[in-house]
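These protein sequence lines map, in sequence, to chains W and H.
Its first residue numbered 1, the first sequence is counted upward by one per residue in our numbering.
Its first residue numbered 1, the second sequence is counted upward by one per residue in our numbering.
Hints listed in this document are in silico derivations from the structure and should not be mistaken for laboratory results.
Note that this is a predicted model, so its numbers are computed, not measured.
Be aware that one or more of the hints could be misleading.
[Stated by the list, open to error] Residues from chain H that face chain W, not an exhaustive set, calculated with beta carbons under 7 Å: (1) 166; (2) 191; (3) 193; (4) 198; (5) 232; (6) 250; (7) 307; (8) 401; (9) 450; (10) 451; (11) 452.
Positions of the beta carbon are idealized from the N, C-alpha and C atoms, including for glycine.
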Amino acid sequence: MSTGALILVLSSLLIIGGGLALFLWAFFNGQFDQIQKGSMLPFNEEEPAGKRTDQIFGDDDTLSEKEPYKGEEKTCGSRK
Amino acid sequence: MDPGSKQSPEYSVSELDRKARFVVLFLIMSGVFWLLFGTLLALVASLKMHMPDWLAASGWLTFGRVRPLHLNTMVYGWASLTGAGVALWLLSRLLKVPVMLRGYIILAGVLWNIALVVGSIQILAGGSRGIEWLEFPVSTMVVIVLCVIIMSASVLMMLAMRRVKQLYVSVWYLIAAFLWFPLLGLVSSLPIFDTPTVQAGMNWWYAHNALGLWFTPIGLAAAYYFIPKVLGRPIYSYGLSLLGFWGLALFYNWNGFHHLIGGPVPTWFVTISISASVMMVIPVVVVAVNHHMTVVGSFRAVVNSPTLRFVVFAAMSYTFVSLQGSMQALRSVNEVIHFTHFVVAHAHIGMYAFVTMMLFGACYYIIPRVTMREWHSKSLIKWHFWLTAIGVIIYAVALQGIGVFQGFAMIDPDVPFTDTVTMTVPYLVARSVSGILMAAGHLIFTWLMFRMVWRPGEQPATPLVWNKIKEEFAS
Numbered sequence: 001m002s003t004g005a006l007i008l009v010l011s012s013l014l015i016i017g018g019g020l021a022l023f024l025w026a027f028f029n030g031q032f033d034q035i036q037k038g039s040m041l042p043f044n045e046e047e048p049a050g051k052r053t054d055q056i057f058g059d060d061d062t063l064s065e066k067e068p069y070k071g072e073e074k075t076c077g078s079r080k
Numbered sequence: 001m002d003p004g005s006k007q008s009p010e011y012s013v014s015e016l017d018r019k020a021r022f023v024v025l026f027l028i029m030s031g032v033f034w035l036l037f038g039t040l041l042a043l044v045a046s047l048k049m050h051m052p053d054w055l056a057a058s059g060w061l062t063f064g065r066v067r068p069l070h071l072n073t074m075v076y077g078w079a080s081l082t083g084a085g086v087a088l089w090l091l092s093r094l095l096k097v098p099v100m101l102r103g104y105i106i107l108a109g110v111l112w113n114i115a116l117v118v119g120s121i122q123i124l125a126g127g128s129r130g131i132e133w134l135e136f137p138v139s140t141m142v143v144i145v146l147c148v149i150i151m152s153a154s155v156l157m158m159l160a161m162r163r164v165k166q167l168y169v170s171v172w173y174l175i176a177a178f179l180w181f182p183l184l185g186l187v188s189s190l191p192i193f194d195t196p197t198v199q200a201g202m203n204w205w206y207a208h209n210a211l212g213l214w215f216t217p218i219g220l221a222a223a224y225y226f227i228p229k230v231l232g233r234p235i236y237s238y239g240l241s242l243l244g245f246w247g248l249a250l251f252y253n254w255n256g257f258h259h260l261i262g263g264p265v266p267t268w269f270v271t272i273s274i275s276a277s278v279m280m281v282i283p284v285v286v287v288a289v290n291h292h293m294t295v296v297g298s299f300r301a302v303v304n305s306p307t308l309r310f311v312v313f314a315a316m317s318y319t320f321v322s323l324q325g326s327m328q329a330l331r332s333v334n335e336v337i338h339f340t341h342f343v344v345a346h347a348h349i350g351m352y353a354f355v356t357m358m359l360f361g362a363c364y365y366i367i368p369r370v371t372m373r374e375w376h377s378k379s380l381i382k383w384h385f386w387l388t389a390i391g392v393i394i395y396a397v398a399l400q401g402i403g404v405f406q407g408f409a410m411i412d413p414d415v416p417f418t419d420t421v422t423m424t425v426p427y428l429v430a431r432s433v434s435g436i437l438m439a440a441g442h443l444i445f446t447w448l449m450f451r452m453v454w455r456p457g458e459q460p461a462t463p464l465v466w467n468k469i470k471e472e473f474a475s
């Protein structure tokens with residue numbers, strides 16, 4: 001195998017190995033302990049969940065009549 | 001205790017946006033300049049496909065120079081600079097710390113732009129490297145990679161100083177992107193790929209990974225942020241979103257070698273690549289289900305939001321182009337569509353319908369918040385969306401449609417080769433028409449951005465919620 005091909009293979013393995021190392025760090029760092037809470041991270045007190053933004057083309061800023069968001073219990077995979 | 005809580009004060013989102021303003025605007029506006037330049041080159045190259053004598057007397061305007069420069073300015077000018085701006089803004093928001101090393105990033109941005117100018121001149125002068133996606137001279141690529149490394153240092157500092165313990169899925173994608181791209185860029189710039197076969201292997205290892213490990217993470221990070229944010233509704237399944245990220249991290253980087261099916265490379269290289277390409281179905285379907293289930297039932301909110309119009313279109317395109325890519329990697333499919341316009345359209349669905357549309361959507365959300373100004377015209381935003389969306393759909397349908405017939409004709413020994421070329425001409429005209437539509441959309445976008453940044457506009461006190469802005473304008 002030429003040097004170039006070897007470098008390509010090693011680089012590919014480095015990317016996969018780096019991904020595995022990152023996964024192990026995340027696991028032992030507690031990143032997966034409360035996994036469902038992660039879905040709330042884009043929201044904060046200034047821009048809370050339940051409030052639409054960016055509705056420039058319409059006047060309706062209420063949540064969907066079909067599937068209103070009612071709290072954290074409906075955040076992750078449990079929405080009907 | 002949250003990491004960094006001792007070192008950095010707590011910032012409101014408006015403070016974070018204000019601190020990110022100049023860096024983000026500089027990177028995005030630089031990207032917009034290259035978008036216009038790259039669009040002009042695209043139109044010239046497209047017209048030359050069915051008018052080959054046009055501008056043929058000028059060597060620097062021949063297809064072999066204009067087309068590679070279009071690709072490189074779009075990839076390293078528009079998409080990379082704008083993507084970096086969007087990524088840094090997202091990280092600042094999600095890690096709750098200001099963008100770090102802002103002065104160094106501005107300096108890096110200036111050097112990046114200079115390198116693009118120098119590289120463009122060299123390609124037009126005939127100095128292309130002749131490697132697809134890597135036509136810029138090595139010196140230009142090295143400068144770009146060093147600039148990204150400066151941004152990566154900023155990202156790692158933000159990560160260390162963050163005021164949240166748990167990392168949102170968008171942060172995972174972005175950290176990975178800022179680690180992966182420097183590796184790709186540095187390896188591809190090494191002077192060791194000196195034989196044609198190995199160079200071809202490096203070519204598609206790099207090019208495919210640049211799309212999948214640099215632009216795709218930025219695009220998906222944006223989708224995972226803007227869809228829930230605009231809808232005011234958390235992502236459907238956070239667990240699935242993480243599965244999608246780790247799937248990309250583990251399966252993607254071997255995909256590129258499927259471009260070499262039929263080539264003189266070891267069979268196991270290609271077979272592993274085909275397997276990895278098919279395995280990408282898992283993270284892609286996971287992402288698609290998650291996005292769909294988050295958006296379902298909120299169609300009106302998508303239509304009413306300039307950001308979500310583009311972002312949802314882009315997310316759907318990601319699903320489509322990724323599943324198509326897995327299918328194209330199969331030997332039986334590849335032997336038909338290889339060397340046809342089908343693949344060209346596939347690349348444009350990835351880089352335009354997914355990446356570029358995602359960046360447009362991100363800009364419509366970010367720019368009002370960092371400039372504290374309102375967009376100049378709602379109707380122009382709608383025009384921008386429809387021109388670009390219809391343009392890229394025409395492009396994809398025309399070229400992929402004829403690409404299949406072209407492929408079957410090329411493997412038919414009874415069909416003269418010239419017939420496989422002339423049969424595509426009407427569809428190449430359609431490609432130019434679609435290009436004109438997209439170019440018109442880009443002009444509108446540029447005008448809107450120009451108005452936003454350089455012309456005094458309305459400056460509401462609270463730009464964070466669109467309806468509040470509208471109420472203030474109405475009063």
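Q | Closest C-beta approach of residue 232 of chain H to chain W relative to 7 Å, hint status | A | 4 Å, holds
(Q) For the restraint on residue 452 of chain H, tell me whether the closest CB of chain W is nearer than 7 Å. (A) 13 Å, violated
Q. Does the interface hint hold: is residue 250 of chain H within less than 7 Å of chain W, judged Cβ to Cβ?
A. At 6 Å from the nearest chain W Cβ, residue 250 of chain H passes the 7 Å test, so the hint holds.
Q. Quick one, is the residue 451 of chain H hint okay against chain W at 7 Å, beta carbons?
A. Interface hint status for residue 451 of chain H: violated (15 Å vs cutoff 7 Å).
**Q.** Interface hint compliance - residue 450 of chain H to chain W, C-beta minimum distance less than 7 Å
**A.** The hint is violated - residue 450 of chain H has no Cβ within 7 Å of chain W, the shortest such distance being about 19 Å.
Q. Would the hint on residue 401 of chain H stand, with a C-beta cut-off of 7 Å toward chain W?
A. Constraint on residue 401 of chain H not satisfied, violated at 33 Å.
Q. At a threshold of 7 Å, is the proposed contact between residue 193 of chain H and chain W supported by beta-carbon distances?
A. With a minimum Cβ separation of about 4 Å from chain W (threshold 7 Å), the hint on residue 193 of chain H holds.
Q. Against chain W, with CB atoms and a cut of 7 Å, does the hint on residue 307 of chain H hold up?
A. 5 Å, holds
Q) Regarding the hint that residue 198 of chain H lies at the interface with chain W, is the smallest CB-CB distance below 7 Å? A) Check passed: Cβ of residue 198 of chain H comes within 4 Å of chain W, closer than 7 Å.
(Q) residue 191 of chain H was flagged as interface toward chain W. Is the shortest Cβ-Cβ separation under 7 Å? (A) 10 Å, violated
Q | Evaluation of the interface hint that places residue 166 of chain H against chain W, nearest CB under 7 Å | A | 6 Å, holds
Hint compliance for this structure: hints 2, 8, 9, 10, 11 are not met, and every other hint is.
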